[in-house]
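S.K.: In order, the protein sequence lines correspond to chains A and B.
Position 125, counted from 1, in the first sequence is what the working numbering calls 125; the numbers after and before it change by one each time, with no gaps.
Position 131, counted from 1, in the second sequence is what the working numbering calls 131; the numbers after and before it change by one each time, with no gaps.
Just so you know, the hints here were simulated from the structure itself, not pulled from any lab data.
Please note: incorrect hints may appear among the correct ones.
Per the computed footprint, the stretches of chain A lying under chain B, defined by three or more beta-carbons under 8 Å from a beta-carbon of chain B, are [to be verified]:
#1 121-128
#2 132-143
#3 227-233
Straight-line C-alpha distance at most 27 Å; calculated BS3-like pairs for lysine-lysine [unchecked claim]:
#4 K234/A / K253/B
#5 K253/B / K150/A
#6 K253/A / K234/B
If you're wondering where the values come from, they're calculated on a predicted model, not measured in any experiment.
Where a beta carbon is used, it is the ideal one built from N, C-alpha and C, also for glycine.
2 protein chains.
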Amino acid sequence: MKEIQSIKNPLIKETKKLQQKKYRTQTGTYLLEGFHLVQEAVNAGADVQEIFVNQRGQNEWATWLEEHFPDYYLVSDEILKTLADQPAPQGMVAVVAITETAVENFEGAWLLLDQVQDPGNVGTMIRTADAAGFRGVVLGEGTVDLYNPKTLRSTQGSHFHLTVVGGKLEELIPQLQSQQIPVYGTALDEQAKNYRTVEALEYFALIMGNEGQGMRPEILEMTDANLYIPIKGKAESLNVAVAAGVLMFKMVKEV
Amino acid sequence: MKEIQSIKNPLIKETKKLQQKKYRTQTGTYLLEGFHLVQEAVNAGADVQEIFVNQRGQNEWATWLEEHFPDYYLVSDEILKTLADQPAPQGMVAVVAITETAVENFEGAWLLLDQVQDPGNVGTMIRTADAAGFRGVVLGEGTVDLYNPKTLRSTQGSHFHLTVVGGKLEELIPQLQSQQIPVYGTALDEQAKNYRTVEALEYFALIMGNEGQGMRPEILEMTDANLYIPIKGKAESLNVAVAAGVLMFKMVKEV
């Protein structure tokens, strides 16, 4: 254990830069907040490079720290606050290495996201995909960054359980189709196919689109079929993460 | 149209108090932010008592204002900001009367919430219940207020489409059961019944519980059956609004 009390400490200044995507890409690392997520990272064998805790965190997790990460830093509340995204940081912030995964084989069920903007929605969909038994999630271009602290918080650690990769949907869809994997889009459009009529499947890809605009038309045209959820009442639409949950649990085959 | 430029204007000071639940209860009114929601209120025949817009709002919605609410107030950006919950208010804030509804007949499908804390989750569940064709939502004691601005924002106006009432679940459940309406709880517990085995129904009540603790044990004991969603992967649970969406769309009978 080492102690840092000055907010001007060079390591703290460097670490704080990871709040910006540019520096995350440059260094290949990101910030993870809160004991629960850091514990998930360690359990998943992620490359945890630094851990910062305040006094309260040290008191609470002393045994865990000694066992798993004795080289942690004890820092002031002010320092922890400057590293954290949340106004009341949860006592622990870690620097974790980004794992670059190249997916060669799209077995199982996959969720593809087309320009989804809200980090809470993206994180919740990753968490739901994990719970529904999906193999992975592809964040298409224009979708919010996985390493945005708000996305990470909503995943609840699920990004350590399944594969999450970036990708170009324009290139990925033909690749999936060439492997005989059906690709389903989603549309708020009664021309599309009622999701209840689709058989549960082991291998497929499901695409969810932007909160306001939905999927891009050029992507909708590339799919094998587009699905819609019939909306009763006078609601105009569903929240995208709720819609994704309804579809994922309906479509995935129980094996 | 009247103009108010001083933030110390008594009407503005009175109106701002509606950000507190105490004053909402006292006056029987609440604040609604954004043109989309105010328009929904007017379309639904809600008792809209005041409308405040800034210059931008006046420019954008001049025709609508003249037609539906010519007695609106034009206010400074600073005033609108002090009335609004969001850092960048959407150009319009209205004072709307709370409608007291007494439900005598629980026909159709109902969603009951037991101590759900997060306003975004509660609003999203009201929106989803609307879309799934539910008749209403009961906010049990300890559940966040409908008139919290964050709840309202997440409903996207759905609280104008279905009945939303407060209630004591301890009293409501026996009342529903005496009307032969089955009441389903939800549990993160493999002792409970797999939701996929439940037949779609026209009349039923579904209860969702607190984000961390789930439903209270004493409420779980009162139900006809408790359901669970089998969780694959290593996720520990689903977001409560996603779980509610999966269950509502599975359980409601298409008529």
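S.K.: Next step is simple, just say for each hint if it's right about the structure.
M.R.: Each hint, compared with the structure:
no.	hint	result
1	121-128	holds (count 3)
2	132-143	holds (count 3)
3	227-233	holds (count 5)
4	K234/A / K253/B	holds, 17 Å
5	K253/B / K150/A	violated, 36 Å
6	K253/A / K234/B	holds, 17 Å
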